[in-house]
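Participant: Based on the sequences and whatever the hints tell you, model everything.
For the protein sequence lines, the chains are A and B, in the order given. 1 is the number of the first residue of the first sequence in this note's numbering; add one for each residue after it. 1 is the number of the first residue of the second sequence in this note's numbering; add one for each residue after it.
Some clues are possibly wrong.
[As the list claims (entries may be wrong)] Simulated crosslink set (DSBU-like; lysine-lysine; CA at most 30 Å straight-line):
hint	chain 1	residue 1	chain 2	residue 2
1	A	Lys42	B	Lys57
2	B	Lys57	A	Lys71
3	A	Lys71	B	Lys70
4	A	Lys42	A	Lys56
5	A	Lys42	B	Lys11
6	A	Lys42	B	Lys70
[Said to hold, decoys possible] From chain B, some residues computed to sit far from chain A (all C-beta separations above 12 Å):
hint	residue
7	Lys11
8	His24
9	Asn28
10	Ser80
11	Val88
12	Asp98
13	Ser110
The set of hints was computed from the structure by calculation and includes no laboratory data. For each residue, glycine too, the CB sits at the ideal point set by N, CA and C.
Listed here are the chains, written in short residue letters.
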Amino acid sequence: GESVGLHLPTLSVQEGDNSIINCAYSNSASDYFIWYKQESGKGPQFIIDIRSNMDKRQGQRVTVLLNKTVKHLSLQIAATQPGDSAVYFCAGKATGNQFYFGTGTSLTVIP
Amino acid sequence: DAGITQSPRHKVTETGTPVTLRCHQTENHRYMYWYRQDPGHGLRLIHYSYGVKDTDKGEVSDGYSVSRSKTEDFLLTLESATSSQTSVYFCAIGPYGDQPQHFGDGTRLSIL
Numbered sequence: 001g002e003s004v005g006l007h008l009p010t011l012s013v014q015e016g017d018n019s020i021i022n023c024a025y026s027n028s029a030s031d032y033f034i035w036y037k038q039e040s041g042k043g044p045q046f047i048i049d050i051r052s053n054m055d056k057r058q059g060q061r062v063t064v065l066l067n068k069t070v071k072h073l074s075l076q077i078a079a080t081q082p083g084d085s086a087v088y089f090c091a092g093k094a095t096g097n098q099f100y101f102g103t104g105t106s107l108t109v110i111p
Numbered sequence: 001d002a003g004i005t006q007s008p009r010h011k012v013t014e015t016g017t018p019v020t021l022r023c024h025q026t027e028n029h030r031y032m033y034w035y036r037q038d039p040g041h042g043l044r045l046i047h048y049s050y051g052v053k054d055t056d057k058g059e060v061s062d063g064y065s066v067s068r069s070k071t072e073d074f075l076l077t078l079e080s081a082t083s084s085q086t087s088v089y090f091c092a093i094g095p096y097g098d099q100p101q102h103f104g105d106g107t108r109l110s111i112l
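Facilitator: If you want it as structure tokens, here you go:
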């Protein structure tokens with residue numbers, strides 16, 4: 001079946017450094033991907049999305065890169081702050097309005 | 001917040017008891033979803049609804065039923081709870097603005 005997976009379950013970075021979180025997906029037909037942030041005790045929060053006709057998309061302090069050749073996407077967070085500590089996971093569009101979700105990378109920002 | 005309220009937020013119950021979780025939205029949104037989240041798994045779709053009395057099964061629907069008698073409420077029922085249904089349950093609506101789905105803050109359900 002379709003799946004997305006994250007390369008590292010945990011990631012620690014120094015405050016102010018850039019963070020890179022990776023995700024691989026299996027369904028080459030997926031044309032839409034999303035990154036979510038989830039804080040403890042909260043629901044997933046939308047960060048940024050990208051369609052398959054793009055290689056890169058930038059938001060506020062975040063950039064998503066999509067490499068369709070190797071079915072890989074990444075989330076880059078610039079100048080990581082303590083408030084960025086959370087679990088991050090990717091999702092890919094399956095059929096209709098349904099999505100498949102990765103398991104997440106737990107990001108810890110060290111002050 | 002987008003106006004999604006899940007209740008209860010926490011519940012502990014015993015195996016074999018019926019459990020109903022409620023998702024209430026104030027956005028008058030047509031599409032609603034129930035997911036479960038477990039360690040080692042991404043969010044998995046249980047059931048979804050495209051409107052009043054219009055529901056369908058997701059990836060992990062066994063042991064669950066849903067009802068949508070009003071646009072604003074989407075109920076998830078475990079007819080006879082089992083320990084394997086211990087999980088965190090999330091409700092979502094979507095598409096919502098520029099987001100594909102917007103989530104509530106979840107219900108943590110423990111079945112002993």
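Participant: Take the hints in turn and mark each one as holding or not.
Facilitator: Okay, the hints, checked on the actual structure:
Using a Cα cut-off of 30 Å, the hinted pair Lys42(A) and Lys57(B) holds, with the two alpha carbons roughly 25 Å apart. Among the hinted pairs, Lys57(B) with Lys71(A) is consistent with the structure: their alpha-carbon atoms are about 28 Å apart, no more than 30 Å. In summary, the hint linking Lys71(A) to Lys70(B) is not supported, as the alpha carbons are separated by about 41 Å, beyond the 30 Å threshold. About 28 Å separates the Cα atoms of Lys42(A) and Lys56(A), which keeps this hinted pair within 30 Å; it holds.
A distance of roughly 16 Å separates the Cα atoms of Lys42(A) and Lys11(B); the hinted pair therefore holds under the 30 Å criterion. A threshold of 30 Å between alpha carbons decides the hint, and for Lys42(A) with Lys70(B) the separation of about 25 Å falls inside it, so the pair holds. At roughly 15 Å from the closest C-beta of chain A, the C-beta of Lys11(B) stays outside 12 Å, upholding its exclusion from the interface. No beta-carbon of chain A is positioned within 12 Å of the beta-carbon of His24(B); the least distance is around 14 Å.
Taking the minimum C-beta to C-beta distance to chain A, about 17 Å, the non-interface status of Asn28(B) holds against the 12 Å cut. Consistency note on Ser80(B): stated as away from chain A, and its beta-carbon is indeed over 12 Å from all of that chain's, at 27 Å minimum. Look at Val88(B): its CB is around 9 Å from the nearest CB on chain A, not clear of 12 Å, so calling it non-interface is violated. Once the 12 Å rule is applied to beta carbons, Asp98(B) is inconsistent with being away from chain A; the minimum gap is 8 Å.
At the 12 Å boundary, the C-beta of Ser110(B) stays outside the reach of chain A, the nearest C-beta of that chain being 15 Å off.
Hints 3, 11 and 12 from the earlier list are contradicted by this structure; the remaining hints agree with it.
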